[in-house]
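Following the hints, position chain A against chain G.
Quick mapping for you: the protein sequence lines, in order, are chains G and A. If you read the first sequence in the numbering used here, its first letter stands for residue 4, the second for the next number, and so on. If you read the second sequence in the numbering used here, its first letter stands for residue 4, the second for the next number, and so on.
The hints are simulated quantities; they were obtained by calculation from the structure and are not laboratory data. Since the model is a prediction, treat every value here as computed from it, not as a measurement. Be a bit skeptical, because a hint or two may be false.
Pairs count within a copy or across copies, as identical chains cannot be separated in the list.
SDA-like cross-link-like pairs, simulated, lysine to any residue; straight-line CA separation at most 20 Å [said to hold, decoys possible]:
1) LYS7 / ALA33
2) LYS119 / ILE154
3) LYS148 / HIS83
4) LYS148 / LEU238
5) LYS69 / PRO230
6) LYS161 / PRO25
7) LYS214 / ASP80
8) LYS214 / ILE226
9) LYS119 / LYS214
Number of protein chains: 2
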Amino acid sequence: MESKKTIKTIAVLIAMEAEAEPLVSLLNLAPCPKSHHHAPLPSVVRSGVIDFNNKSGDGEEEEERKCEIVVVTCGNDAVHGVDSVGTVNAALAAYEVLKTHEPDVLVNCGTAGGFKAKGCAIGDVFLVDEVKYHDRRIPIPTFTKYGISAIETWKTPKMREHFRAELKSGVCSTGNSLDATDTDLEMMLQNDASVKEMEAAAVAKVCEMFKVPFVCVKAITDIVDGPHATETEFLENLAMAGRRLQETVPKVLEFMSGKSVDAL
Amino acid sequence: MESKKTIKTIAVLIAMEAEAEPLVSLLNLAPCPKSHHHAPLPSVVRSGVIDFNNKSGDGEEEEERKCEIVVVTCGNDAVHGVDSVGTVNAALAAYEVLKTHEPDVLVNCGTAGGFKAKGCAIGDVFLVDEVKYHDRRIPIPTFTKYGISAIETWKTPKMREHFRAELKSGVCSTGNSLDATDTDLEMMLQNDASVKEMEAAAVAKVCEMFKVPFVCVKAITDIVDGPHATETEFLENLAMAGRRLQETVPKVLEFMSGKSVDAL
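The following block holds chain G by itself, in its conformation from the complex (with noise of 0.2 Å):
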């Protein structure tokens, strides 16, 4: 990565409109003059122009802090109308938002299920270290690898630290299934996931074709290794999350915003 270069674009992507919808508020955010290229996809693309000088008011930096903020969901689906959640509509807003808006970084953004065994709580947000697949078994010698597709999120030592407080760290294992099977546990505990979730892994794929470094910040909805249905307490903890996301994800942007990759 160009490591002097300073971040002027944030592209946010986000599968649910419940989960965005808190931040595109707080943010104000309007329809992206550039939504026409999104199409045919069902993205919903807001953007705007945030200066988190204003905003933060702390004094720290007076240079330019302004950065604009592109949130990108993965819309509606035409025929069933619900969120279009999962890999394959990510993997394709990602690759969207990438080619229009050209962003400096991408920041995965959503809810999960989280592991107790691996210290999880509802409503803990978690700063990804490193995503990974476990619904894609391949076992062929040399497809095993390319099955997991295990990719590091971007190294940011600095805003790891002073996050350390406020943002877990751990595995973000991703498939296809809200619920798990056996199978999917076992892969997800060779994975030594701490979150589980639908899109991250497909997300930071592309990301990696692009060479856009990615940022992945997950609130946890439910206890995978619980005596909770997933479906139940996703359902009920959906928009605490979104609020967790609302209150944490800001406070990323800023940190990111206007500073130069080495100061990440």
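Then chain A, alone, in the frame of chain G:
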């Protein structure tokens, strides 16, 4: 679909190079001058204008039968050095080929597992009726059908009748794993699957977004409900299935080429 439109450009999407090579050789396709549009995807794009009158020599139709054929493969994963199989890369390759080349129809072809309970034998070739996912379980009532994402392939009654002796009919079920767990098998049974592979449902969805007719041709390399491990049979029969596609896919392309949609 515009029923009077004639078919002048056909995109053919194939995941693996070994599946595509016999077809590319036979049609004598060259690197596509629009390949750069596909960057940074690893897709390999080859194209050519084929005069099917010359090739068929049946003299039946004297009008223009020239057709541009664009074959796109998912390409080599830059990190793992293997073909980029699975739904994410197939959807990305489909998205870019549809944006760049604006084909009149997209044909996804490749290899697949077949169910002997549905009458499949190794070497059979299917002209698929419908595609569904078997690995996107989302047990929230509003999301369940989105997860399966059943999409009928293009209605082509005359083409289906023409190839009745040569190409079988059935449902193709898609998932990101080469193997199948008991849960996968149960889902495939629910899907009424005759064949199982790793891309078709994702490609169909992208075609649906673009309102481009989707055709799906799959050659059987292995028996899912048989005694042998998929990976063993798959590797043994991959070259044979590539040749079966080389025999059948050009006939399908020739049948569609230059015809109006009504004539299919």
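These are the hints, each one checked on the structure:
1. Taking the shortest alpha-carbon separations for LYS7 and ALA33, neither the intra-copy value of 30 Å nor the inter-copy value of 41 Å comes in at or below 20 Å.
2. Taking identical chains as interchangeable, the C-alpha atoms of LYS119 and ILE154 are never at most 20 Å apart, the minima being 23 Å within one chain and 38 Å between chains.
3. Taking identical chains as interchangeable, the C-alpha atoms of LYS148 and HIS83 lie at most 20 Å apart only when they sit on different chains, with a minimum of 7 Å there against 34 Å within one chain.
4. Taking the shortest Cα distances, LYS148 and LEU238 sit within 20 Å of each other only across copies (18 Å), while inside one copy they are farther apart (33 Å).
5. In this assembly of identical chains, the alpha carbons of LYS69 and PRO230 never lie at most 20 Å apart, being 46 Å within a copy and 62 Å across copies at closest.
6. Taking identical chains as interchangeable, the C-alpha atoms of LYS161 and PRO25 are never at most 20 Å apart, the minima being 27 Å within one chain and 52 Å between chains.
7. For the homomeric pair LYS214 and ASP80, the shortest alpha-carbon distance between copies (14 Å) is at most 20 Å, but the shortest distance inside one copy (29 Å) is not.
8. For the identical chains of this complex, LYS214 and ILE226 are neighbours neither inside a copy (33 Å) nor across copies (40 Å), given an alpha-carbon limit of 20 Å.
9. In the homo-oligomer, the alpha carbons of LYS119 and LYS214 never lie at most 20 Å apart, since the shortest distance is 34 Å inside one protomer and 45 Å across protomers.
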